[in-house]
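Asker: Counting in my numbering, the sequence shown runs from 1 upward without gaps.
Simulated from the structure, these hints should not be mistaken for laboratory data.
No experiment lies behind these values; they were computed from the predicted model shown.
The beta-carbon is built from N, C-alpha and C at its ideal position, and this holds for glycine as well.
Just so you know, not all the hints are guaranteed correct.
Stated by the list, open to error - Calculated cross-link-like contacts (lysine-lysine; reagent style PhoX-like; alpha-carbon spacing at most 25 angstroms): (1) K228 / K144; (2) K144 / K7; (3) K223 / K144.
To be verified - Beta-carbon label-pair distances, calculated as ranges: (4) V189 / G44: 17 to 25 angstroms; (5) E267 / A58: 44 to 52 angstroms; (6) T56 / R19: 33 to 41 angstroms; (7) V287 / G18: 36 to 44 angstroms; (8) K43 / K228: 24 to 32 angstroms; (9) K228 / A58: 18 to 26 angstroms; (10) E20 / G65: 20 to 28 angstroms.
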Amino acid sequence: MSILVNKNSRVVVQGVTGREGMFHTEKMIEYGTNVVAGVTPGKGGSTVLGAPVFDTVAQAVAQTGADVSVVFVPAAFAADAACEAADAGIKLVVVITEHIPAKDMIMAKAYLRARGVLMVGPNCPGVITPGECKLGIMPGYIHKPGKVGLISRSGTLTYEVVHQLTQAGLGQSTCIGIGGDPIIGLGFVELLKLFAADDQTEAVCTIGEIGGDAEERAAALVKAGYPKPVFGFVAGLTAPPGKRMGHAGAIISGGKGKAADKLAAMEDAGITVVRRLGDFGATVAKVLG
1 MSILVNKNSR VVVQGVTGRE GMFHTEKMIE YGTNVVAGVT PGKGGSTVLG APVFDTVAQA
61 VAQTGADVSV VFVPAAFAAD AACEAADAGI KLVVVITEHI PAKDMIMAKA YLRARGVLMV
121 GPNCPGVITP GECKLGIMPG YIHKPGKVGL ISRSGTLTYE VVHQLTQAGL GQSTCIGIGG
181 DPIIGLGFVE LLKLFAADDQ TEAVCTIGEI GGDAEERAAA LVKAGYPKPV FGFVAGLTAP
241 PGKRMGHAGA IISGGKGKAA DKLAAMEDAG ITVVRRLGDF GATVAKVLG
């Protein structure tokens with residue numbers, strides 16, 4: 001079992017003919033992802049990497065039964081692309097594109113939520129169920145099917161922890177990069193709830209960072225009675241207040257969003273806090289036995 005995607009997911013790639021879209025679509029297909037279509041307005045009727053290209057998502061869904069979309073559309077048009085996928089009946093939209101204006105994402109998030117469509121991202125590496133389906137830009141070869149779920153605000157830190165879990169022989173059930181922007185789709189709380197109901201997942205790792213209160217809200221959920229072990233790391237422990245740290249959402253403002261406060265909330269909730277990223281895999285392996 002997995003959350004969000006599996007080998008049966010029928011994937012359409014929006015922006016498939018662009019440089020990034022085509023490159024990563026090839027990698028997704030090589031991994032075994034069931035890419036059934038691509039979409040680029042004006043290029044309908046062509047074929048990319050063996051998949052038919054359509055002018056609209058609605059056409060792709062009608063012709064191929066696609067139910068998941070991955071968005072590689074340029075930032076100025078990416079939010080509209082997510083809304084188009086929702087209108088076409090897509091149930092999960094994974095937005096890889098970065099630098100999307102916040103006001104566009106506020107609109108798109110509300111639009112998708114009103115239609116019951118789940119969104120991951122934007123500005124994220126994507127979602128992977130090891131051995132079954134890879135949606136995004138993560139290196140597939142470091143992943144291994146296993147029993148640990150992973151939720152992360154950082155792409156590169158995700159890869160590091162995945163590698164450690166694989167080296168520790170634990171593997172991963174599903175890994176989700178939720179993105180580092182202020183406005184995102186699914187967050188820690190929603191995904192922790194999905195992992196709680198997943199029989200394959202025995203524990204969940206969370207990789208947070210400074211800024212916002214996502215980690216504190218996740219800690220409150222765990223404290224209320226989460227059924228599985230949770231491990232947490234927060235990047236930016238030494239970041240100076242007021243300084244933006246790469247991700248648009250990673251900024252301490254008004255005295256809120258500090259790493260120390262997030263770590264304290266995690267520890268109070270019973271989350272196993274990992275203070276050195278390099279200790280992550282060994283810590284999870286020790287606790288799970």
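Asker: Please name the hints from earlier in the document that this structure breaks, with their numbers sorted from lowest to highest.
Answerer: 3, 4, 6, 8 and 9
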